[in-house]
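2 protein chains.
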Amino acid sequence: MLRRWEARTGLVLGRGHKPGVQLRAHATAAEFPSLGDDESYRLTVSSREVRLEAQTTWGVLRGLATLEQCLHAGPRGWFLPALAIADRPRFPWRGVLIDVCRHWQPLESLKRQLEAMALAKLNVLHLHLTEDQGFRIESRLYPRLHELGSDGEYFRQEEIRELVRFAADRGIRVVPEFDVPGHTTSWLVGHPELGSAPGPYAIRRHWGVAEAALDPTNEQVYVLLAGFLGEMAEIFPDTCVHIGGDEVKAAHWSGNERIQRFIRQHNLGDNRGLQAYFNQRVSEILGRLGRHMAGWDEVLHPRLSAGTLVQSWRGVAGLDEATKMGCAALLSNGYYLDLWWPAARHYEVDPVPAGTTLTPDQQKLILGGEAAMWTEWTSAERLDGALWPRAAAVAERLWSPREVRDVGRLYARLPGFSARLEDLGLLHEKNRDAMLRRFAGDTAGASTVAALQTVAALFEPVKNYGRNLAQADANQFQPLTGFADFLRVESDEARGFGAAVETLLHDRPKVADIERLIGKMTAWRTAAKALPALLTASGRSHEIIPAAKVLGQACDIGLRALDLLLTRHTGTRAWRQRNLATIDQICRPLGHVELPLERPLKLLVTAASLPRPSGVKARAAWATELLAAARIRGLAAAPVYEQWL
Amino acid sequence: MLRRWEARTGLVLGRGHKPGVQLRAHATAAEFPSLGDDESYRLTVSSREVRLEAQTTWGVLRGLATLEQCLHAGPRGWFLPALAIADRPRFPWRGVLIDVCRHWQPLESLKRQLEAMALAKLNVLHLHLTEDQGFRIESRLYPRLHELGSDGEYFRQEEIRELVRFAADRGIRVVPEFDVPGHTTSWLVGHPELGSAPGPYAIRRHWGVAEAALDPTNEQVYVLLAGFLGEMAEIFPDTCVHIGGDEVKAAHWSGNERIQRFIRQHNLGDNRGLQAYFNQRVSEILGRLGRHMAGWDEVLHPRLSAGTLVQSWRGVAGLDEATKMGCAALLSNGYYLDLWWPAARHYEVDPVPAGTTLTPDQQKLILGGEAAMWTEWTSAERLDGALWPRAAAVAERLWSPREVRDVGRLYARLPGFSARLEDLGLLHEKNRDAMLRRFAGDTAGASTVAALQTVAALFEPVKNYGRNLAQADANQFQPLTGFADFLRVESDEARGFGAAVETLLHDRPKVADIERLIGKMTAWRTAAKALPALLTASGRSHEIIPAAKVLGQACDIGLRALDLLLTRHTGTRAWRQRNLATIDQICRPLGHVELPLERPLKLLVTAASLPRPSGVKARAAWATELLAAARIRGLAAAPVYEQWL
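Chains A and B are the protein sequences, given in the same order. For the first sequence, position 591 matches number 591 in the numbering used here, and the numbering has no gaps at all. For the second sequence, position 271 matches number 271 in the numbering used here, and the numbering has no gaps at all.
Hints in this document: simulated from the structure, not taken from any laboratory. The beta carbon of each residue, even a glycine, is placed where N, CA and C say it ideally should be. Be aware that a few hints might be false.
[As the list claims (entries may be wrong)] One-sided and incomplete, this derived list gives chain A residues near chain B with beta-carbon spacing under 8 Å:
(1) R8
(2) W78
(3) P479
[Stated by the list, open to error] The calculated label-pair distances, taken between Cβ atoms and stated as ranges, are:
(4) A82/B with G425/A: 42 to 50 Å
(5) V21/B with E159/A: 26 to 34 Å
(6) A82/B with H542/A: 20 to 28 Å
(7) S447/B with R161/A: 44 to 52 Å
(8) A499/B with H206/A: 47 to 55 Å
The following block holds chain A by itself, in its conformation from the complex (with noise of 0.2 Å):
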């Protein structure tokens, strides 16, 4: 931390020097960090000095990433601000989730992940390691798993010891995933004998849920599986094993006559109950290891094992399900970071809301959430920026009360906490320059590139897997370096953008934000309009041309808007309802990416287009009657399991 605040001031700090720091734990931690340690901490600075103590060592790291974030300057130097703090999180399990199977993520990149996380005070990550698209773990037992499973692409054992060190010298647990019985494709290509169907089985390449199941019937399948889950449980230290059992969707199992029969004579109704027997049998074999069973809500069931971790990614049902049958819980629905979501949209999601229907007992099951990052749409050079700053929202959820939940402050400090990222190595900013760079192409002079970043600085990937709609034939291999895939997943130009909107609306305009808004859209509409010229030579500039359209259209519609606000004219009934029906269109989902200007430009057109009131209360009236009359949509409902499917 030192050595990060030399490289901010230029100064040359501690060493040598007399410590300002005083850093105690009353109690070391043991080797690796486990649910429910003690992470609290106190830490004061006064003008004398700053000191931190803790519980454990694991409180002190916390304390120490909050101190991290507390370095600021001034007009007259750099300083800590006088504080007070006593620190404890809210719930014990704070964790990201990362898919390492659709995209491959080396292990440099999770260790810059888990840097990340430390500074969000995160304490799980969840290595989602194995898929139908890929097998990313090293089985000397069974080496037919990952190299055939996984292209080469993999960790080796020595690597995950080295990550769950990494880790560990940070306070965060490794949790492993490995996710049985569907999502196996990538299992069966080496070991087709266990599979429901004969095969042969290939990695599959293509996104969505594939009908690969092992087969619960074959009692090889459990020889597997206790001979990998023992390898497994040498290298992950963690008590926590995860098994997936998500998105079954048991057509083989339907489809082999032998496998029905079993169900038959086993009384074990259905499928479910079938995937229900399995799970009982992994559960025996991870209990024989010393290990805790842990999977996604299809796992509920009425002989799920006692004991068994539930996380919930379809919806609040399942907290309520699992807490009622004695199951603590994890909560991830809200939580998909891949559905591109805005910041405050996840920072809203508790998984014990102010109005919770769950009774005090259940609430105690509730051990907290993780951030998802599946990776059908993010590489390894796009994975800092999936993730960062967005997850911060989901840690600050999680570790701190309720009510804190103030989304202007929020957006506030995201901006110095992404700074704080790329203090530590983080790649969020760099990467997408480096991508909008390469994208332009070699012969980009600086303005071409200018351009081209004043127009990727409005757009937003499209929101709720709506990529997999405008790009269904899509495959592992194709590379994810697009128009949609150097975007800030969310725009703060937009947003910036439609705060000024509000404000300016929320009274009687001023001139001068007028003329401001109008030289924003104006430079906007420049870039737009000259930036498929522009990259002509770039090879990619039929990727941008519908976007430069919209956003040019957007322009045209928001000056003239404004023009009317400066010149005190009003738009007519027609022209509202024409440029409301326009803005409809153009802010709609557009390929990869979005234009996520609806909201100000109907307030504009709108606005442009009602008679100006002149009293206080008038003006009132005006600001209900706007926002009424601007067919503003709400947010898309979450994508349900079905919609996926």
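Chain A is already provided as a structure; the job is to place chain B on it using the hints.
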């Protein structure tokens, strides 16, 4: 290479498709490259196929480096130009020296440089591994060397094996340098008994040359060297080992009566004779290990062992002397990239220039040269930007025929080369931007960052070791994250402006061209004047104020001159004299940086104060008069040995 092309183009290439690139090597290469390997290749691209043939796999690698630079985009899409190339290097030794001692450069950092070197067809990485300021290699026989001499920043032997393998995969030799008998303070921290003065010794933190030296009269020195070099021969397969031998101050030898007696007893004449005796002993040790010795030109002595390779850093005289003695020689004088010269200046330096005074036999002994990166002012964060893309100019000088020396074409090709480097993962662009953002501080908005970028784009780090004067108390602990540290070594913006001024004044100044330059300078002035206030809360504004001030002055002068040219008025002689003097002031070294605008500013001022020509003939005379009257200083001479001491 295909993966990188996929990223650029967004296309899926070569995955199971019929290969369009035919590679053929007539012989498989040895495990490691060695001096004199055949690196020739023939590359043809036609509408039907790409064919690459070479005698060795090294040649295939060189051809691939060419091919990688051939993919271009145009309005009609991506293409490789049709071509037929038969290529081979002019010199067999084309190296880059990296000093990992003054500032530690970790393995990952060196791997990146190797990637870049391969693209530039460089074939030797010369690792400067020991220095007064650090002993950077693990010795298992003498662990006190790295344990006490490195602050824990050294290469484990396993890491060296990995690096050597990584280099060999790219056809690059790794030649280690263990600098003896001077530059050895860090050796003596753990082994003071081997020094020429009593000690104790501590790692040197400041720059410059220390007086510490091994004691050539102590037999234990040779015991340690034999053991240590034996270890090194196990991990560095190359037959060449560099023993430094430069800058032996010999004060400790002169001050040691026992050593002086040894010189007399053995008829060594003087301290230089003692060093020659030492070199002979080391050469014998290396010979027993099957290694050849290389050294800096100070090793030149009548008693120098035949077969020693001499690397000249002090000038061409060393080449002459070495080759007269029948020694092979390398040129590094003129290729010291840490002098921060423009690429063009290094490009002009030829190991065997057209007018060489060397005999043909001497010329045959010139093996090539090495670009050198000494790291007093270069942290790992800065290394890529310090080396690249300028090192490519040296690489081309050493590979291509002497006659390939068009500076305009060099600069036209460097941006594309730089983009290919970024494709390979080089951080020269990414880290500069990130360092600039960090310097600007958390509170900097987009406009502050843009203003800082505008100002930074016009400055260069002060040349010719001027920073040693400006920051004489500098030491190894001071962070290199200031204004000078994130500048481009060579300002494209200033060079472009200079070229535009030359074009403008070559003929009758055109109004549109004048206005374009006015627009540019106005933007610079706006940024320069605004910047200090914008950075007030950054904590680092004081570092930028002097630079912003001189840039503002430069723009005031330039804009006044352009205004005179535009309005066809003429500045007075006094005005010219005053402004030429001011330009001298503001374009001289300014602490750590300098403003490289002397020539264009002086040309503008002079042109604005001379009567305008009318006829063609008069205009030609005017251009001559302009240059004469502008009082432009020549390039500063290269610093010589004595200046640095």
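Hints, verified against the model:
At a threshold of 8 Å, the smallest CB-CB gap from R8/A to chain B is about 6 Å, leaving the interface hint in force. Because the smallest distance between the Cβ of W78/A and any Cβ of chain B comes to about 5 Å, under 8 Å, the interface hint for this residue holds. Restraint check, P479/A versus chain B: the minimum CB separation of about 4 Å is within 8 Å; hint holds. Distance hint for A82/B and G425/A: a CB-CB separation of about 44 Å, consistent with the stated range 42 to 50 Å.
Take V21/B and E159/A: their Cβ atoms lie about 32 Å apart, and the range 26 to 34 Å holds. For the pair A82/B and H542/A, the beta carbons lie near 25 Å from each other, so the given range of 20 to 28 Å is met. A hinted range of 44 to 52 Å holds for the C-beta pair S447/B and R161/A, which are about 48 Å apart. Between A499/B and H206/A the CB atoms are about 52 Å apart, so this pair conforms to the stated range of 47 to 55 Å.
Taken one by one, the earlier hints all hold for this structure without exception.
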